[in-house]
Amino acid sequence: MPVHSRHYLRLLEAGTEEEHSVKDDSIIHELCNFNSNYSLYLPFVLTGIPMREPRTPSTLWMREYAEKFIHHAVDEYLHASTPHSIFTYSSKTKLYGLIVLGSPSSTDNFPLQTQVQIRIDQYLKALTLEHHLGLYLVIGTTTENPAQIHTLLHDSDRMLYQRFYMRDCRLFYVPQWIENSNSQKPSLIQLDENDKKRMISCIESSNEIETLQLMHRLAQDILSKTDVSSPDYWLAFLQEIISVIIRFANKNHIHIEGVYSKKLLNLTFVDDFDSLETLFDWLGRWMIHLGIVYTEGLTHNHQQDVIIFEHIKSFIKENIDQDVTLQMVADRFFYNPSYLSRLFKRKLDKNYMRFVTEIRMEYAQECLKKPEILVTDVCTMCGYKSYKHFVKTFRSITNMTPSDYRKQSGW
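Residue numbers (the numbering used here): 32 to 442.
Bear in mind the hints are in silico, worked out from the structure with no lab data behind them.
The model shown is predicted, which means the values in this text are computed figures rather than measured ones.
It cannot be assumed that every hint is accurate.
DSBU-like mimics (lysine-lysine), calculated; alpha carbons at most 30 Å apart, straight line [claimed, not checked]:
#1 123 x 376
#2 376 x 282
#3 344 x 423
#4 294 x 228
#5 348 x 419
#6 381 x 294
#7 293 x 256
#8 293 x 381
#9 400 x 438
#10 256 x 294
#11 123 x 156
#12 378 x 294
#13 381 x 348
#14 282 x 227
#15 348 x 282
#16 438 x 376
#17 419 x 294
#18 400 x 419
#19 348 x 400
#20 256 x 228
Turn these sequences into a full structure, and let the hints guide you.
Have a look at this one:
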């Protein structure tokens with residue numbers, strides 16, 4: 032039974048053996064249709080991290096152009112005569128990939144020359160500036176053994192943490208890092224009791240300056256005491272910080288679903304940041320949010336859930352021309368998205384999309400009162416890409432078209 036290439040790569044990355052043959056290179060030969068039975072495998076991982084608010088979980092560039100970029104890079108830097116196939120699949124902000132080269136001479140392309148690495152790195156930096164998207168590419172270690180692909184993809188994925196330590200780099204080449212890495216065992220980093228007490232004090236006082244200063248210092252502690260070879264050490268340190276905050280919430284009977292999302296517990300929120308400074312700044316703002324909930328005594332009477340809608344409305348209005356999703360709002364205000372969705376229905380008797388639409392239409396009516404703004408521009412300003420959809424939505428709310436609304440109102 033034929034295997035779809037994206038499904039096959041997903042199985043490899045997950046380390047799954049389906050019908051005993053996932054790691055059998057005969058499947059790859061069938062998919063690639065090479066003339067020879069030789070295969071050289073090169074794993075890679077590309078990620079795109081938004082560099083401005085709102086932080087979109089999946090960006091237009093990653094959806095539409097990530098694979099094109101990979102194909103362009105491969106075509107430019109491999110020998111033209113080298114037969115190859117590229118398998119990819121996307122997961123959240125990442126594109127996982129495997130380049131399969133079908134000739135024994137493929138090894139002539141590796142290790143990647145320094146000049147090639149520099150050109151790819153410069154290209155990624157240019158794209159980062161153009162699309163306001165922090166692009167990072169990890170090129171893994173080659174292997175002729177398909178059984179090693181899962182491990183090498185995993186190693187490449189973890190190498191993305193190197194962006195926290197090498198801020199000026201966009202390309203990370205695993206073989207070069209292994210060659211230059213320090214074999215010395217890293218030291219364990221732990222949160223001391225004084226810092227735990229400071230964290231609790233910051234939450235109780237909801238002091239923004241002290242909280243952000245503390246979190247900035249903790250970020251610097253990680254950078255000075257660990258390196259990219261020891262992500263498990265600083266991830267454990269991060270988990271300890273989160274545990275202190277959640278224990279405080281539990282102890283003070285704060286409704287947990289209203290103050291954090293699952294991304295915090297499984298640490299997948301780390302993938303949303305391009306530096307430890309911005310990551311810890313976000314954690315600090317979570318502490319401040321929790322402190323406000325605590326100091327205002329809103330934990331039992333559920334006023335917390337009512338007030339949050341005003342904050343969400345302000346956030347949407349600030350980013351009215353953007354596609355502000357429920358996930359983005361949940362991340363911004365430290366909510367579990369499923370809980371937040373239920374909250375809209377229970378408290379406002381409407382879903383999130385209806386809530387956003389009404390805000391957009393209110394803003395559209397304000398804009399239409401200004402005759403110097405074209406109706407088509409109002410459409411774009413309200414975050415709609417389709418004018419037809421904008422008119423249809425406006426009519427469903429006001430029972431008239433935007434043009435008729437402007438005429439009837441005398442503007």
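Taking the hints in turn, this is what the structure says about them:
no. : hint      : verdict
1   : 123 x 376 : holds, 27 Å
2   : 376 x 282 : holds, 29 Å
3   : 344 x 423 : holds, 23 Å
4   : 294 x 228 : holds, 25 Å
5   : 348 x 419 : holds, 22 Å
6   : 381 x 294 : holds, 26 Å
7   : 293 x 256 : holds, 28 Å
8   : 293 x 381 : holds, 24 Å
9   : 400 x 438 : holds, 10 Å
10  : 256 x 294 : holds, 25 Å
11  : 123 x 156 : holds, 21 Å
12  : 378 x 294 : holds, 25 Å
13  : 381 x 348 : holds, 18 Å
14  : 282 x 227 : holds, 15 Å
15  : 348 x 282 : violated, 35 Å
16  : 438 x 376 : violated, 35 Å
17  : 419 x 294 : violated, 37 Å
18  : 400 x 419 : holds, 20 Å
19  : 348 x 400 : holds, 17 Å
20  : 256 x 228 : holds, 21 Å
Hints 15, 16, 17 from the earlier list are contradicted by this structure; the remaining hints agree with it.
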